[in-house]
Amino acid sequence: DVKVTQSSRYLVKRTGEKVFLECVQDMDHENMFWYRQDPGLGLRLIYFSYDVKMKEKGDIPEGYSVSREKKERFSLILESASTNQTSMYLCASSQLAGAAYEQYFGPGTRLTVT
Amino acid sequence: AQRVTQPEKLLSVFKGAPVELKCNYSYSGSPELFWYVQYSRQRLQLLLRHISRESIKGFTADLNKGETSFHLKKPFAQEEDSAMYYCALSGAYGNKLVFGAGTILRVKS
Chain A
4 DVKVTQSSRY LVKRTGEKVF LECVQDMDHE NMFWYRQDPG LGLRLIYFSY DVKMKEKGDI
64 PEGYSVSREK KERFSLILES ASTNQTSMYL CASSQLAGAA YEQYFGPGTR LTVT
Chain B
77 AQRVTQPEKL LSVFKGAPVE LKCNYSYSGS PELFWYVQYS RQRLQLLLRH ISRESIKGFT
137 ADLNKGETSF HLKKPFAQEE DSAMYYCALS GAYGNKLVFG AGTILRVKS
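Residue numbers (the numbering used here), protein chains in the order written: chain A, 4 to 117; chain B, 77 to 185.
By construction, these hints were calculated from the structure, which means they are not laboratory data. Keep in mind that a hint or two might mislead.
Claimed, not checked - Using 30 Å as the maximum straight-line C-alpha spacing, the simulated DSS-like pairs for lysine-lysine come out as follows:
#1 Lys149(B) <-> Lys60(A)
#2 Lys98(B) <-> Lys60(A)
#3 Lys133(B) <-> Lys6(A)
#4 Lys98(B) <-> Lys149(B)
#5 Lys60(A) <-> Lys133(B)
#6 Lys149(B) <-> Lys133(B)
#7 Lys74(A) <-> Lys58(A)
#8 Lys58(A) <-> Lys21(A)
#9 Lys74(A) <-> Lys6(A)
#10 Lys6(A) <-> Lys56(A)
#11 Lys74(A) <-> Lys60(A)
#12 Lys85(B) <-> Lys141(B)
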């Protein structure tokens, strides 16, 4: 069964803290993605990676960075958390080739920055 | 630029009534269109994709390139269809998806 896991379901951090969100997939997928999900805005792509050590900016990369040292793991880093980064964060993965491939999502991490 | 518009934030229908969730897109090439669904307390998952031309859980969606639309339809709504529905588009660059804002479907008994 396809599996994408995220390290935390809920996270509360203070303004200015460095925050790490971890995502692991067990499907040997090349592509991995980080989105944030906000009411009325849908899902917005923060960063994606199509291979180990490769990354590309999505639509809203400001304030975030990512790391992909192993194929199965994709980390999202908030260098200095701010209150406007309070959101639900979703990780996803997919096969590399073809635009029609399904993305598989993790359960999400609800981050609150106070 | 790629854009997906879902004009309704909330659609409320009675059980047994027809459902149509609207989706319009903006893309200059040949898009791949998808509907994703998120049931309460579950993760986001693929419902259907236009390339498969399939019906899933009684839902269908037809790509209308002339109207740049990909509306999701079901003839008879069921209570278990209540969920958040996202329309998404994949363009020329790999598997990157652009999502709409989502529509909450509430099916009342």
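How the hints compare with the structure:
With a C-alpha separation of about 34 Å, the suggested pair Lys149(B) and Lys60(A) falls outside the 30 Å cut-off, and the hint is violated. Between Lys98(B) and Lys60(A) the alpha-carbon distance is near 29 Å, which keeps this suggested pair within the 30 Å criterion. Distance restraint check for Lys133(B) and Lys6(A): the Cα-Cα separation of roughly 22 Å lies within the 30 Å cut-off, and the hinted pair is therefore satisfied. Proximity of Lys98(B) to Lys149(B) is assessed by CA-CA distance (about 9 Å); at most 30 Å being required, the pair is judged to hold.
At roughly 35 Å between alpha-carbon atoms, Lys60(A) and Lys133(B) are farther apart than 30 Å, so this suggested pair is violated. Note on Lys149(B) and Lys133(B): the hinted pairing holds, with a Cα-Cα distance of about 11 Å set against a maximum of 30 Å. A distance of roughly 12 Å separates the Cα atoms of Lys74(A) and Lys58(A); the hinted pair therefore holds under the 30 Å criterion. As the CA atoms of Lys58(A) and Lys21(A) are separated by approximately 20 Å, the hinted pair is consistent with the 30 Å bound.
Under the criterion of a C-alpha separation no larger than 30 Å, the hint pairing Lys74(A) with Lys6(A) is consistent with the structure, at around 14 Å. A C-alpha spacing of about 22 Å is found between Lys6(A) and Lys56(A), which places the hinted pair at or below 30 Å, so the restraint holds. A hinted pair counts as satisfied when its Cα atoms are at most 30 Å apart, and Lys74(A) with Lys60(A) qualifies at roughly 18 Å. Between Lys85(B) and Lys141(B) the alpha-carbon distance is near 24 Å, which keeps this suggested pair within the 30 Å criterion.
When the structure is compared with the earlier hints, violations turn up for hints 1 and 5 and for no others.
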